[in-house]
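Turn these sequences into a full structure, and let the hints guide you.
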Amino acid sequence: MKATGVRLMLQIALLVVALPASGHAQERMAAARAGGLEAKLEYCKTCHGLSGQGYLGYFPMPRLAGQQPEYIEAQLKAFIERRRTNPIMANVAHALSPPMTAALANHFRHLDPPPFGGAPRGSTSLGRKIYEEGLPESNVPACSACHGADGHGQNEIPRLAGQLYPYMVGQLTGWSKVRGQGTAVDTSAIMAPTAHNLTRSQIEAVAAYVSYLH
Amino acid sequence: MKRIGLEIAVLASFAVALSTLSGWAGESAAVRNCTWCHGIGAQGYTVAPRLAGQRPAYIMSQIRSFHDHTRDNPFSIQYMWGAVASLGPYTARDLANYFASIPPRPANDGNGALATRGRTIYMEGIPEANIVSCYACHGPNAEGIRDIPRLGGLAYFYIKARLEQWGQGYHSTPGSPMPLVATHLGTEEVEALASYLSFVR
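These protein sequences, in sequence, are chains A and B. Anchor point for the first sequence: position 33 equals 33 in our numbering, and the numbering is continuous, going up by one each time. Position in the second sequence (from 1) plus 1000 gives the number in our numbering.
For the record, the hints were derived by calculation from the structure and aren't laboratory data. Bear in mind the structure is a predicted one, so any value in this text is a computation, not a measurement. Where a beta carbon is used, it is the ideal one built from N, C-alpha and C, also for glycine. Honestly, I wouldn't trust all of these hints.
What the hints assert, rightly or not - With a straight-line cut-off of 20 Å between C-alpha atoms, the simulated SDA-like cross-links for lysine to any residue are:
#1 Lys-77/A x Lys-1160/B
#2 Lys-1160/B x His-24/A
#3 Lys-77/A x Glu-1124/B
#4 Lys-177/A x His-24/A
#5 Lys-77/A x Ala-90/A
#6 Lys-1160/B x Ala-1048/B
To be verified - Just a few of them, taken from the derived set where beta-carbon distance is under 7 Å, the chain A residues facing chain B:
#7 His-24
#8 Arg-28
#9 Met-29
#10 Ala-39
#11 Gly-57
#12 Tyr-58
#13 Phe-59
#14 Ala-95
Laid out in structure tokens, this is it:
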């Protein structure tokens, strides 16, 4: 008890000494640490949408609401290890401790805002057919086999329901340029042949279909 | 005498009709009303930001926010609320497209010594301080997209003032994440960002 008291006083004294001398950025980092999970959630939601529904910046920022925690954690790890190329997210992921990552992923799993919307409606019936039946002639399995009939995913297999249309199109058209980089083989290899076998218009159809799923 | 008076009256009504016509045809009167404050070639002047090269959807969204009184900082209330009060949506669109088509010239008025620091914050944010990357929304050259504004080349004092105002509780476009972004920025980061952006072309 006494030892913790002394340590606390020392820490406070250190803070008092350090704050005015160390400049603004250090203050901001101390404030961020003090803000804990709530502050970090606000940080995530600045880009990923105020209710985690996704956001369209210069790049499409994917929906995190309802996402599988295992998938979020696996992707953050892939950003750090540069298996998935994304300079912004590599920096973001570097600053997250494993317990913080777990807490964030658990928070997003329970959010359920309506889909972001905005996808073209013209090809959603073709998208549904591809999603539920695949394209046997092109070696494309049914998406629902792994991602679930409702598109909610499971474990490390991501939720697709309500995902942003431009994000889905970008990921599926650029799969092998962004994911599975370096020498280590990861789960992204499972999707690589399927993404490759889909044509651009088939990708757009399936992306539009899943973007409207709840 | 009476006849001369009549002639003057006819001439005057002609002149009015002509100026109205030319105003409609070339929009020069509407453009002049903007550039009076926003500078020659709409390149910005003191507190009035550059409109040249700005994203047309952003210019329109801001005209709307002045019109609806949602953008409510002091200069907006003082100048822009009145300036857009009688601006119709079609004129607003034409003005936005016109100004967007003018090549922007960077202000180059920031502190050069802070520019490198500003660029790092712009590209990467400061994840440890919960400061997000500006690049994710405003693009690699701060060129903006859709209704997300171009920031590249805007005047140092304009960017600094806007970033400070969000922190002070002033509003802009509803649903914008910028108030959240700005609350995490300190003076050091604001000055570095405003310096860097003033040099971006």
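If you take the shortest Cβ to Cβ gap from Ala-39/A to chain B, is it below 7 Å? With Cβ-Cβ at 5 Å, under 7 Å, it holds.
Let's test the interface hint: is any C-beta of chain B closer than 7 Å to that of Arg-28/A? Result: holds, 4 Å to nearest chain B Cβ.
Restraint check for Lys-1160/B with His-24/A, where alpha carbons must lie at most 20 Å apart: With a Cα-Cα distance of about 16 Å, the restraint between Lys-1160/B and His-24/A holds, given a limit of 20 Å.
Can you confirm whether the C-alpha distance between Lys-77/A and Ala-90/A stays at or below 20 Å? Answer holds: Lys-77/A to Ala-90/A is near 9 Å, not above 20 Å.
Can you verify the interface hint for Gly-57/A: is its Cβ closer than 7 Å to any Cβ in chain B? holds (3 Å)
Restraint check, 7 Å cut-off on beta carbons, for Tyr-58/A near chain B: Since chain B brings a Cβ to about 4 Å from Tyr-58/A, closer than 7 Å, the hint holds.
Hint Phe-59/A vs chain B: min CB-CB distance below 7 Å? holds (6 Å)
Interface hint check: Ala-95/A, Cβ to nearest Cβ on chain B, cutoff 7 Å. Holds or violated? At 4 Å from the nearest chain B Cβ, Ala-95/A passes the 7 Å test, so the hint holds.
Between Lys-77/A and Lys-1160/B, is the straight-line Cα distance small enough, at 20 Å or below? Cα-Cα ~36 Å, so violated.
Should the interface hint for Met-29/A be scored as holding, given a Cβ-Cβ cut-off of 7 Å against chain B? Since the shortest Cβ distance to chain B is 5 Å, the answer is holds.
Given the hinted pair Lys-1160/B and Ala-1048/B, is their alpha-carbon gap at most 20 Å? At roughly 13 Å apart (the allowed maximum being 20 Å), Ala-1048/B and Lys-1160/B satisfy the hint.
Checking hints one by one. Is His-24/A an interface residue toward chain B, by the C-beta closer than 7 Å rule? It holds, given that the least Cβ distance between His-24/A and chain B is near 4 Å, below 7 Å.
Hints 1 and 4 from the earlier list are contradicted by this structure; the remaining hints agree with it.
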